[in-house]
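Asks: Sequence:
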Amino acid sequence: MLTKNNKTVFFIICILFFSILFAKLYAIFSPSLLGNIDLAIDEAQYIFWSKSLETGYFSKPPFVAWVLSTMNHACGDNYQCYRSLQPIAFFLSSIFCGLSTFRLTNNFKASCLSAFLFLTLPLSTFYSQFATTDAWLLLFWSTSTFFFIVSLRNGSFFWLLCCAITVGIGLLTKYSMIFFCISALFLLLKLKQFSWLKIIIVTSIALLIFFPNIIWNITHDFPTLKHHVEMTSLDKGTEVQIGPLIEFLIGQFIIFSPIIFLIFLLSPIKNWHLFHNDRELLNLKACHYDVKEVWIFSAAFILPIFTTVSFLSLISETEINWASPISIPIVIYFSTLVTRKQKNSLQTNFMKLALPITFTINLLFLPLFLNSPKIFSNLSAHGLVITNPFLQVEGYTTIANIVRDLNYKEGKIIASNDRGLLATLSLYLPDYKVRSLNTDGVYNHWDLKYPLSEKEKKGRLLFVLLVNNNKDTLQKTMKKLREQFITVEIVTTKNTDNLLIQGKTNKKVLLVWVGKEDMV
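For the sequence shown, the positions run 12 to 531 when our numbering is used.
It is worth saying that the hints were derived from the structure and are not from the lab.
Since the structure is predicted, the reported quantities are computational estimates derived from the model, not experimental observations.
Some hints here could point you the wrong way.
As the list claims (entries may be wrong) - With a straight-line Cα cutoff of 20 Å, these simulated EDC-like cross-link-like pairs (lysine to aspartate or glutamate) come out:
#, residue 1, residue 2
1, 482, 500
2, 62, 500
3, 518, 405
Unchecked claim - Derived CB-CB ranges, DEER-like:
#, residue 1, residue 2, range
4, 469, 64, 48 to 56 Å
5, 444, 273, 26 to 34 Å
6, 283, 196, 16 to 24 Å
Glycine included, C-beta positions come from ideal geometry on N, C-alpha and C.
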């Protein structure tokens, strides 16, 4: 039973929860906020995939396409509408984060705190506004964490089975879910609470759910695995560089909130000896874990993925969000730490300041980010910023509208050499056949599934090419086209003189009619 004070806290938390959810949803649809921002390339790609469901895609497992397909009828051509699922996913993740904290600590305040902190993390604010895979990875990571904790608490094989199911779906969302498997297996083997047979059964269930994507990759010569290797640039060799590692760590300070991430970085120094303690690793008979036990549990799920991505950033290339799942155990540990009963000390006084400062940072980031298109636009207009990050999505819709208005004499086949153009044209022009011009390898979904065939080359085609914006490149491009086609005609309308995408003046979009026969 909740005490009167806890009921008040719970009521306030609920109001704040739904207020933040409403604000995030409102920002997605509001033209004055993020509602006027066009789709990013990946978003357009995922939504296009959702129109044709498969058990795998070139760069990602299939779940993001599957879940977005549920919105096809409701959203129609309102593509911003597809973004509305992500805030809901983060909302649910925060609830499971709070539930996990409560099952670990039996501390109501810690559970409410962890849920609210997770919901307001800069990571959650940013990735909840776009159709991304991270929202769904974190949802299944958080649900798996909850089921795993309950199974350890109760010694229940049923909850371990539930965990296996959500882990399997998580693997269909993003391959980094494999790190959850590594951490969970480490604890299962260390605690020896379940027999080898039960561990094998749950592992088999997770793999069985993931199996369709394995088959798809085998059938298509492992394109997703190859893509992930290419993303890290490991296929080009390795070179130790401290700069990318520093950039990665700075990024983690931003998306996880500075104080939370700092406390995490310092925690192994203080607690590392706990892994070598002679006493039982986790006292499952106790009604709640103390701070040290929560750190052991959290560290088991943080260190494998974090150290791996940090090492990759040292020798190759990584993205800021690759370690995003550690947000869940980090928040659980931080919430447990700040709500524990402590004697008056320097550390206690620091923790008392850490919480309000963290809340202030997180809650300030929310309105700033939701209003960031206007903020960057104004700063750019006054010359106060060099680059506007939202320029990365500009130009694609304009190009699609120009192509739609062209006079097609026969057929509607469009060929391009750029993934961004292929993705956006495929989505915005569903009645057209969009094909890849690449012939020297498989570097995107269109290279794999929609290459321009020899038969299609014989008809009238529209080439939408992304080329370097200089006279020499344009001349070489036209010369090469005239060697392959009888008719080569540059599309000229009032809107095609300066077709730029992503605000880059060094690149130009060239529209060219080509054909093997005279089109007159």
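Asks: Evaluate each hint against the coordinates.
Replies: Now the hints, each set against the structure:
1. Between residue 482 and residue 500 the CA atoms are separated by roughly 17 Å; this keeps the pair inside 20 Å, and the hint holds.
2. Note on residue 62 and residue 500: the hinted pairing is violated, with a Cα-Cα distance of about 33 Å set against a maximum of 20 Å.
3. Simply put, residue 518 and residue 405 have alpha-carbon atoms about 13 Å apart, close enough for the 20 Å limit, and the pair holds.
4. Between residue 469 and residue 64 the beta carbons are some 31 Å apart, a value that contradicts the proposed interval 48 to 56 Å.
5. The given range of 26 to 34 Å is broken by residue 444 and residue 273, whose C-beta atoms sit roughly 53 Å from each other.
6. Under the hint 16 to 24 Å, the C-beta atoms of residue 283 and residue 196, about 21 Å apart, fit the expected range.
The structure does not agree with the numbered hints 2, 4 and 5 stated previously, though it agrees with the rest.
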